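Engineer: Residue numbers (my numbering), protein chains in the order written: chain G, 1 to 414; chain E, 1 to 250.
Among the hints, a few may not be true.
What the hints assert, rightly or not - Mimicking SDA-like on lysine to any residue, the simulated pairs with C-alpha atoms at most 25 Å apart in a straight line are:
#1 E:239 - E:32
#2 G:360 - E:103
#3 G:394 - E:55
#4 E:151 - G:231
#5 G:231 - G:310
#6 E:116 - G:413
#7 G:394 - E:65
#8 G:360 - E:72
#9 E:116 - G:287
#10 G:360 - E:221
#11 G:141 - G:287
#12 G:394 - G:325
Just so you know, these hints were derived from the structure itself, not from any lab.
The structure displayed is predicted, hence computed values, not measured ones.
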Amino acid sequence: MNLSSEKNQASNSLFCSPSFFNEFADRRSWEPGWLADFRKEKWEEAIAIQSNPKDERWRFSQKGRLGYSKVLGLAQSEESLSFESPDRNGLILEKMERMILENPNALREVSNLSGPGMGAEESYLFARAFSATGFYLRIEKNKRIDRPLIINHTADGDGLARFHHNFIVLEPFSEVILIEKINSADDGSGGFFTNLTHVEVGEGAKIQRILVQDLNLKSSLHNFENMIVRKDALLSNIAVHLGSEQTRVESKGSLTEDGAEFENSSITLGRENQLFDQRTMQQHLSRNGKSTLTFKNALLDKSKSVFSGLIKVENDAQNTNAYQTNRNLLLSDNAEADSMPGLEILANEVKCSHGATTSKIDEQELFYLLSRGISRSVAERLIVLGFFEEVIEKINLDSHLEEVRESIAQSFGT
Amino acid sequence: MSSLQIENLSASINGKPILENLSLDLPAGEVHAIMGPNGSGKSTLSKVLAGHPDFEVSEGSATIDGQELLGLEPDEISRLGLFLAFQYPIEVPGVSIANFIRSALQARMPEGETVKAVDYYKELYEKMDEIGMDRKFTARSLNDGFSGGEKKRCEILQMSMLNPRYCILDETDSGLDIDALREVSLGVNRMRCPERGILVITHYQRLLEYIVPDKVHVMWEGKIVLSGDKELAAELESKGYDWIRDEVAA
């Protein structure tokens, strides 16, 4: 793809039209001035971006598929987010629009959180300019939330775009399990969904976040995550990607204080013409940090995955222990997986390893299953579920473990 | 009459002939043993019957109770009632024994019916107790990190859960210590019944002291060259396979 066609791509999008932005801003004239200014600033930055056709951060991907040139408008309905949270004691869980009205200062405090910034800046900036909803979650200091919080994101069809911007803040020594589900409003038509999430895990706090994405196969998804893990805190982030026609994931965890622990896991089942473009970073900024990244992709039909991951250990991050692995299982001759693991180490006392493998289904394994009367399609499903099990078993909730296995099995059935 | 009947079977791998005009009749209710030196084609026979895709059948037929097996997919052959206990059971990470066997049983259910979990676990635990397998194995990944004995026990567990009409045990004694050999043999003997035929493939006579066969066949260069009763195994053990070579040459 050359420079001019990429430039066209951006300017072809509705989002680049000044009148489109101005109309959007007018509709939101009730918002505080700082937010209006912030949106304008981000929109202008997005317009100013010049794509570099040789951008390494898009290597092996199909950037054109992840653009906004076919967007028909912004989704207006207010039903794209719902919460299942039986007990609100010790936490704040609000939709963004209510936060803007009722608690703008809390929002302003976190508005300086930025990133991940791993290549899809245009989409990121549009998300910051146009996000009309999303959630704000804050767990109070020392509070342990016993029952998991469930947040449902619903993406629109009819070529409409929706941007969710979410903040998850754990005050020191708090604890929570969060389940996020991203689904389409219906199977009929595709839309453009962007989910931008900023996470801050305070000292000694613990969170497990489980994201299950099962959009319809006509949708586009950008899933941005920028996560900060502080002193002795633990963040376990687990993503399950089943749906969407094309997905760009940018997932960055920064271990900013001593003894932070970050676990980032992902399983993806690709089928038909699906594209999964995954960019990750484990950034070690302080001592005694531990990070583990496990991204597993199983690809059927003509699906494709691109994984690019970096472990970055800064000068001060002595005694870091970091691990990164990307494993791809190809179930079809037409499926494709590209993998680019990477290390950048500036400290001298570290233990780091990374690895990537891409393999086809093992014929002996398959024969063994078949020889017990299990049909080929069921055998493949069992092998894929087995391949994913290393990640699935990290889920701390038995009830949800089964649900995830079931969703994956169902994706095979359609 | 019900039997596993192999007639004039010839098969090759990558153009190299392994089985040549092999014929064998295993009636239901009997246990037959196939003995033979390494490379005589014993394991190939078991894999060809189970439908392994690496082998090419050039001639012959193999039927169970009159139904042709050759040309069918491995899963179809299994559902027709043939069970192969592997010499080297395959490790399948992430697939639990319980889920695996349940899937195999499910594949045998009529459309629209599902295996009932309560009944299934009751039977599974009973059989595991019989074979001497710890119940916590149900949650473990299939053969993953198992010892030789645990793998073979797991094969016998599958065999007894799937209730096949004909069983082929491919060198089930290999890699077993004497205690495991005894327990695995007990498991096989429990499956002996008038409706079922069992074919025991082994290199050594030792296994046949525990699983006493009705007939013994000796395999040499891809075919059965000698058949007899259980005494043949003892004779073979004392005279060695060189004796067979001389017999064949004669």
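Engineer: Determine for every hint whether it applies to the structure shown.
Structural biologist: Hint check:
no., hint, in the structure
1, E:239 - E:32, "holds, 21 Å"
2, G:360 - E:103, "holds, 22 Å"
3, G:394 - E:55, "violated, 41 Å"
4, E:151 - G:231, "violated, 46 Å"
5, G:231 - G:310, "holds, 22 Å"
6, E:116 - G:413, "holds, 21 Å"
7, G:394 - E:65, "violated, 48 Å"
8, G:360 - E:72, "holds, 24 Å"
9, E:116 - G:287, "violated, 53 Å"
10, G:360 - E:221, "violated, 35 Å"
11, G:141 - G:287, "holds, 24 Å"
12, G:394 - G:325, "holds, 16 Å"
Hint check: violations occur at hints 3, 4, 7, 9 and 10; the rest are consistent with the structure.
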